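Below, each chain spelled out in residue letters.
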Amino acid sequence: MFFLVFFGVSFFAFNTVTSFKADTPISQTNIVYTPEYTSNIVINKDGTIIIDGQKMAQKIDLLADSDELRLPVIDKPATDIDLATFIVTLPKANAGEVTHEILGIHGVGEINSFVQDENTIIYQARNVSTYATVSIVAKLPKGTIAPSFSYWILSNIPNLGSIWLVLGLVLPIATFILMMLFILLRLQSQKVQAPKDETDALPMAIPPGVVGVLFHQKVGAREIAATLIDLACRGDILILDRSRGFGFAKNHLDKRLIGYEKILLSKIFKHNLVSDKEEIDRRINAHLYSKKISVLSLGISNLATRLGYFKTNPQTIYLRYKVIGSIVCVLGLAGFFFSLSQYANTSYLAFLWLGMVISTLVVSCMVQKIPVRTSLGQDNYNNWLAFKKYLESDKKIPYSPDNQEIFQRYLPYAIVLECEIKWAKRFSEHNFIMPDWFVSDKEGLGLEDFCLSLFPIVSYVSRSFAAIREPGFR
Amino acid sequence: MNNNFFTKLIYGGGVFFDTIKWVALVCVILAIVNTFFFSIFFVDGQSMEPNLHDKEVVFWRKSSVEADRLSRGQIVLVKYPGDPEHKQYVKRVIGLPGETLEIKESKVFINGKVTKQEYIPVYFRTEPDGIWMMKENEYFIMGDNRENSSDSRIFGPVERRFVLGHASAVIFPRFLLVRDM
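Just so you know, the sequences run in chain order R and Z.
Counting the first sequence from 1 gives a position; my numbering is that position plus 38.
Counting the second sequence from 1 gives a position; my numbering is that position plus 106.
Calculated directly from the structure, the hints in this document are not laboratory data.
Every value quoted in this text rests on a predicted model; they were computed, and no experiment measured them.
Simulated DEER-style distance windows between Cβ atoms:
hint	chain 1	residue 1	chain 2	residue 2	range
1	Z	R267	R	V208	26 to 32 Å
2	R	R358	Z	S177	54 to 60 Å
3	R	P494	Z	L131	28 to 34 Å
4	R	I221	Z	D150	53 to 59 Å
5	Z	R285	R	I215	42 to 48 Å
6	Z	E253	R	L121	25 to 31 Å
The list that follows gives simulated cross-link-like pairs (lysine to aspartate or glutamate, DMTMM-like), each with its CA atoms no further than 20 Å apart:
hint	chain 1	residue 1	chain 2	residue 2
7	R	K180	R	D84
8	Z	K193	R	D99
9	R	K130	R	E156
10	R	K114	Z	D150
11	Z	K241	R	D103
12	Z	K241	R	E135
13	Z	K219	Z	E205
14	R	K177	R	E135
15	R	K93	Z	E191
16	R	K460	R	E430
17	Z	K193	R	E106
18	R	K407	R	D417
19	R	K177	Z	E242
20	Z	K241	R	E106
21	R	K177	Z	E265
22	Z	K193	R	E139
23	Z	K241	R	E139
24	R	K288	R	E317
25	R	K114	Z	E191
26	R	K177	Z	E244
27	R	K177	Z	E191
28	R	K434	R	E236
Where a beta carbon is used, it is the ideal one built from N, C-alpha and C, also for glycine.
Starting from the given sequences, assemble the full structure and let the hints guide the process.
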């Protein structure tokens, strides 16, 4: 926050000091003024200006109805000047059509300007003090100069005004539409046939976290929650629901734990057997980002990749998009600030760059929707959709001791397949028996109470864990 | 600052991304606000005495759209037409486009009618005498300190394109809304 406030205030303060494009201020040139000072100013056909043989960085401004020379020719001279004369030579013999004027402030006597001949305009200022600024103005009719194409483009960029604003709005919208089309095309090429029949058995004995990656193409809170309940169902941990808060306790240690499951357990338990809410909160807040959770995520998606569901780890693919997106985003931001600094008062151009930045953000957000499964992954995805259909069916499951056990066994899969509520409803006619891995100090809990107690606990922990994953971790 | 703090601060590259993300967002918002909507400036000089004092900080509203019309009495920021890239002034709008402004015997006439100038003391003299006719899109601006101000009386009416915006309030060292001046 400190950095943000400091940076914000500094930036604001810096910008309030008007910072206009510096041309070549006359005060920075090596002009030696004399009491009778005469200067020759030549306007070239290409719009460049030469003062006494010295080419200026400033060019003729291209306006809508005329091309304009607006040039400070004296700014706080070292000595008083009795008579300053500026002979302006035009590139075309049309001096009579040129609107000319001389401006003088802070101690200038008589000023005047007149046409000498068809190519020349004379500007004169008398009694110029050492505090004075004298400027000459000549509005040339269109066609007097023929600027180069590049200069014409550069001059007209800021003049396009609100067109840039419109483009800045259109660009992200177009990007969004293009991304949608791209995703739709990919979805068509990887078309998933909605399963006609449901499957009442697990299509494959793989951990629920991996099923979640196959389903969502990423590791999120649901995958972590499913892994936690899976660990509980397998007897590795107990979930404690107490009136003063929840907790987790180690049960028996299963030596067949997968690497990422061990990491998840080590995140919950340090050296203790029981980890309550305060302890878990402490461990979540110990770091801004958790390497363990990053490794856990990578472990689950790596396993899904090794099983052949993805050609490349989806996290790596999305990371590539995000890295390129970040680079383009930085370029867009650089362009944005450059536009603001270059075209201080007509900086609508900046919105084009802002549109580019927003477009990269659109791409970064939508990239995870691009299907990247292999054909094997597609087939398995299809099988799991058939299983999902079974889980969320409206048909009640009749009571039997075996069916009672099925509820627990399939619950982690229902969570990753986003149908845990519907799955639980299928058992609403059962006399619910509390799973032995869920320890509550409340008595007589029914199925609904069990769900209302378990889901918030697991949701809280998994969401907190998912939020502390390092961005960009590989 | 203990070691734990720094470990926590720099742990993981994510801190960098996260911080940059918010810094960039703040910068973009500030830049847009500062470029197109509002900003502040420091009064430099006495040309707007007794209403704006030297070194006061003034909050001003930018007019990004040149078609925005200004009203008489508004305090505006203008680029000096003789050196628009480097010199900006704060003055008050006196004459509007299409009007004829005359200064005679220290009084200001707009289209032949004398105008009230409650924002300047009665003993301030407005000189020199003269008549100016504003073209379409031109404004006649004057500093409140009539005896010590380089303004349209010297360099003529200014085109709308040179007007950057108008002052809204003095914010430091006092607070005063410009409309109360």
